[in-house]
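Kindly generate the complete structure, drawing on both the sequences and the hints.
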Amino acid sequence: MRWGVVTFPGSNDDAQALRVVERVLGDEAIALWHKDVDLRGADCVILPGGFSYGDYLRCGAMAKFSPIMAAVVAHARRGGLVLGICNGFQILCEAGLLPGALVRNRSLSFVCDLVIARIETTATPFTASCGRGSLLTLPIKHGEGCYVADETTLAELEARDQVVFRYADAAGRVGPEANPNGSLGNIAGVCSAERNVLGLMPHPEYATERLVGGEDGLAVFRSVQSWLRDGGRSRGDEPRVQAP
Amino acid sequence: MSVSAVTADVAADHGLTAEEYAKVVEVLGRAPTFEELGVFGVMWSEHCSYKSSRAWLRQLPTTGPQVIQGPGENAGAVDIGEGLAAVFKIESHNHPSFIEPFQGAATGVGGILRDVFTMGARPVANLDALRFGRLDHPRTPYLVKGVVGGIGHYGNCIGVPTVGGDLYFDAGYDHNILVNAFTCGVARRDRLFRARAAGPGNPVVYVGSRTGRDGIHGASLLASAAFDAGAAAKRPAVQVGDPFTEKLLLEACLELMGTDHIVAIQDMGAAGLTSSALEMAGRGAAGMLLDLDRVPLREPGLTPAEILLSESQERMLLVVRQGSEAAVEAIFRRWDLEVSVIGRVTDDGTFRARWHGREVCALPVAALTESAPVYRRPAEEPARFEQLQHFELAALREPADLTEVLLQLLESPNLCSREWVYRQYDQLVGGNTAVRPGGDAAVVRIEGTARGLALTVDCNSRYCLLDPYLGAVLAVVEAARNVVAVGARPLAVSDCLNYGNPERPDVMWEFQQGIAGIRDACLALDTPVVSGNVSFYNETDGRSIPPTPVIAMVGLLDDVEAHLTPWWKAEGDAIVLLGRTREELNASEYLAVVHGLVRGAPPWIDLETEKRLQRVCLAAATERLLSSAHDVAEGGLAVALAECSFGGAGLGARITVESGMRADALLFGESQSRMLVSLRRRHLGRLRDLARREDVPFTVLGEVRGSSLVIGEMIDLPIEHARARWRRALPERVGG
Numbered sequence: 078m079r080w081g082v083v084t085f086p087g088s089n090d091d092a093q094a095l096r097v098v099e100r101v102l103g104d105e106a107i108a109l110w111h112k113d114v115d116l117r118g119a120d121c122v123i124l125p126g127g128f129s130y131g132d133y134l135r136c137g138a139m140a141k142f143s144p145i146m147a148a149v150v151a152h153a154r155r156g157g158l159v160l161g162i163c164n165g166f167q168i169l170c171e172a173g174l175l176p177g178a179l180v181r182n183r184s185l186s187f188v189c190d191l192v193i194a195r196i197e198t199t200a201t202p203f204t205a206s207c208g209r210g211s212l213l214t215l216p217i218k219h220g221e222g223c224y225v226a227d228e229t230t231l232a233e234l235e236a237r238d239q240v241v242f243r244y245a246d247a248a249g250r251v252g253p254e255a256n257p258n259g260s261l262g263n264i265a266g267v268c269s270a271e272r273n274v275l276g277l278m279p280h281p282e283y284a285t286e287r288l289v290g291g292e293d294g295l296a297v298f299r300s301v302q303s304w305l306r307d308g309g310r311s312r313g314d315e316p317r318v319q320a321p
Numbered sequence: 053m054s055v056s057a058v059t060a061d062v063a064a065d066h067g068l069t070a071e072e073y074a075k076v077v078e079v080l081g082r083a084p085t086f087e088e089l090g091v092f093g094v095m096w097s098e099h100c101s102y103k104s105s106r107a108w109l110r111q112l113p114t115t116g117p118q119v120i121q122g123p124g125e126n127a128g129a130v131d132i133g134e135g136l137a138a139v140f141k142i143e144s145h146n147h148p149s150f151i152e153p154f155q156g157a158a159t160g161v162g163g164i165l166r167d168v169f170t171m172g173a174r175p176v177a178n179l180d181a182l183r184f185g186r187l188d189h190p191r192t193p194y195l196v197k198g199v200v201g202g203i204g205h206y207g208n209c210i211g212v213p214t215v216g217g218d219l220y221f222d223a224g225y226d227h228n229i230l231v232n233a234f235t236c237g238v239a240r241r242d243r244l245f246r247a248r249a250a251g252p253g254n255p256v257v258y259v260g261s262r263t264g265r266d267g268i269h270g271a272s273l274l275a276s277a278a279f280d281a282g283a284a285a286k287r288p289a290v291q292v293g294d295p296f297t298e299k300l301l302l303e304a305c306l307e308l309m310g311t312d313h314i315v316a317i318q319d320m321g322a323a324g325l326t327s328s329a330l331e332m333a334g335r336g337a338a339g340m341l342l343d344l345d346r347v348p349l350r351e352p353g354l355t356p357a358e359i360l361l362s363e364s365q366e367r368m369l370l371v372v373r374q375g376s377e378a379a380v381e382a383i384f385r386r387w388d389l390e391v392s393v394i395g396r397v398t399d400d401g402t403f404r405a406r407w408h409g410r411e412v413c414a415l416p417v418a419a420l421t422e423s424a425p426v427y428r429r430p431a432e433e434p435a436r437f438e439q440l441q442h443f444e445l446a447a448l449r450e451p452a453d454l455t456e457v458l459l460q461l462l463e464s465p466n467l468c469s470r471e472w473v474y475r476q477y478d479q480l481v482g483g484n485t486a487v488r489p490g491g492d493a494a495v496v497r498i499e500g501t502a503r504g505l506a507l508t509v510d511c512n513s514r515y516c517l518l519d520p521y522l523g524a525v526l527a528v529v530e531a532a533r534n535v536v537a538v539g540a541r542p543l544a545v546s547d548c549l550n551y552g553n554p555e556r557p558d559v560m561w562e563f564q565q566g567i568a569g570i571r572d573a574c575l576a577l578d579t580p581v582v583s584g585n586v587s588f589y590n591e592t593d594g595r596s597i598p599p600t601p602v603i604a605m606v607g608l609l610d611d612v613e614a615h616l617t618p619w620w621k622a623e624g625d626a627i628v629l630l631g632r633t634r635e636e637l638n639a640s641e642y643l644a645v646v647h648g649l650v651r652g653a654p655p656w657i658d659l660e661t662e663k664r665l666q667r668v669c670l671a672a673a674t675e676r677l678l679s680s681a682h683d684v685a686e687g688g689l690a691v692a693l694a695e696c697s698f699g700g701a702g703l704g705a706r707i708t709v710e711s712g713m714r715a716d717a718l719l720f721g722e723s724q725s726r727m728l729v730s731l732r733r734r735h736l737g738r739l740r741d742l743a744r745r746e747d748v749p750f751t752v753l754g755e756v757r758g759s760s761l762v763i764g765e766m767i768d769l770p771i772e773h774a775r776a777r778w779r780r781a782l783p784e785r786v787g788g
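As they're listed, the protein sequences go chains W and A.
Everything in the first sequence is counted per my numbering, starting at 78 for the first residue and increasing by one.
Everything in the second sequence is counted per my numbering, starting at 53 for the first residue and increasing by one.
Please note: incorrect hints may appear among the correct ones.
[Unchecked claim] Facing chain W, a subset of chain A residues (Cβ under 7 Å, in silico):
id, residue
1, Phe86
2, Gly211
3, Arg475
In short, the hints are calculated from the structure, not lab data.
Just so it is clear, CB atoms sit at the ideal spot from N, CA and C, and this is done for glycine as well.
What follows is the structure in structure tokens.
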């Protein structure tokens, strides 16, 4: 399969995403430049971490106006897969492809650490091969990763099973001690109503090798591989929740 | 300001003494223009000319088969095999960080990154050596938060991982903090770029940010003078950093370096356009003609002197081949950066700058650099020295509750966890960080190979205060031992020599002693100094900092998978101490924290003994005998044992030791040349043989077991509880 990795001028994790696709997954990687206007046949587009345009204004606020984003939005509207990690998640929220927003960590400090992300739903292409409730140890590294949304949106997200990851402790319990940034409901990642767009703050691409960061992140990429290999059908163990 | 207004008084405002101004007139055969005076002011400043240190720096060993580039370029470079070079340097940004901690520290990181990628190397790791005043000094928490925030801001945004560093608090830094930033990059050894202008007619190209009024006279007035009560008024001389632009500059420069367009490249750091142009011309024995009207400006109305001296960040000066202009412009435009041909290389040996049709500078390049003053300032051992070294162990009372003492040490500012600091740094970006901060040295995989780099910065300034020679020896030795502790072979050093006012004989004496110590230790360990920086005038109102020669050591692992960490791995592993514990508490952290004494000579050191210890450890690591390894340093054996329990699964240890010495000396003394290792029992025989062959004392202390650290009848420390206190101590006191 073909993965497109977008490089905004301030992207920092694009090289790592490309490395994972080519060397760990053995798939085809397409390096996409923010001034490009088409995705060159990518099945799944990764918006990587970093500081897209410096992000002195609001994270991702400028990236949504870049030429490549028009192609990404069109791809998503057609049902194509989009994976936004960290800054990529922020951009997806700014671009309106995902609900909610990411604001300054409650600690007001940048935080780099390992967290445990609990998988809340397997009814997405990104988690279809995983077990519901399973725990992934993944790194986070962000200053603005506190997920917020208004009450109505949060209720809809829950009702439509769009919360994909939550911060949890080693026993899988979700609570304030396990929350690294103040995110509402310990939300670490959400998907779109159509389930083809995922944004998450933890970095699965930095947990794909035993030597550096462990291998828990592979579950996300392997899910996408299987899902596309099976013709794009969800193999999730839950029925897909339809929008009301 | 008219040309005729230049006098010795105006020269003094530019940081030049009356004698130096007379020399300027002599070199030129006339009075300088105002712009020329500005050029002399920065080029002959301590910061740029090393006039007080140059004569002594020549004593340092700088050569060896591993050295590709020694001091004199933007950064040093050593061979790391497979056709690659590690390119690295450490540099101070002390004065700006005290005045404006966030921007001061941020631009310190930005400056050292540019030094490294100017050489053609992609930066792979940052480390920072930080020194602050007492934690209970009212300004310290503000400074700590600002500096840590600034380092994180710049490093995180540009996408280079911050993988380590060191941090000490001492009253000696109350009014002069230290921020020493280190960057290591990796380049192909046949694609290193240098800063030698060549080829008359070749265009000189300005790239990066526009030029503004920030940082003017940073080098001459801020970095080359001591502080007094008016320090805050120097804030406008601090530059402002833009890591996003630097990221663009980094990527654009590396892209250009993949082509054959570049003849020479130099970053615009201290003293800006002036120093980068003059240094490139000087190294290449060439001249240069600059048209200041073509320099991209942030705002109109800058004077030619301001354009020449601005220290605006994120700028580079290139000499490219004739005919390459369009290709170079295309690359920088693609990255949305300023690019402007502002001059050309000439063959008349003169640095000329034109502005509005007038020649504002015409300076002989060779004379300007070669006739720069070199001072052999008087040096004298201070009277306090002998008194400080006096210490009687027998007169020291021994505490009753040693577990309580250990907890007190683990919570003390210099020994508690640094997690609060490094959690604010992106340690992972790049995907090669194998050992994150918190170990003896960081380990970073070398992209595309099975090898790894080990990186550390070290200096115990208490040792240096008590004996500036031995303290410097110990800084080198400990840095090497930290690299060995992760299983790497020490390769080379970059040094950042932080001292007080060199015009004071006692400071000059400390400096000379420090150089001698680094020289002797680096010669013994075969780790040449390939780059570095001198920071003088770390002094406020006549009080100077403790001598602080920070040593950055780079080591190499042939197999990065074989790296070691300090943390216990498995119940039942044997715990062995390699090296001898002497009955010495002098100069220790224990003495300072528990007894309030800064006294005695630093711990005994013998460089042959140290080398033998390091050989045993490296052999054991290479044969994969060890489960863990940890240098025994500040806080002694007890603190080292606790630290081995604090990482990983939080395993405890059962230790039995028999010695005839005082319990506090045994537990908290800082005897050198010791390594604490754990290993499977079946490897004990082999390790004993290796130790015996090198005549290194070998003592089985006990084994990894349980969830407490138990040392005979002396210590019983529950790990979970102690670790929580050790981790909380810093954020509680900084208020983070």
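Tested hints:
no.: 1; hint: Phe86; verdict: violated (36 Å)
no.: 2; hint: Gly211; verdict: holds (3 Å)
no.: 3; hint: Arg475; verdict: holds (6 Å)
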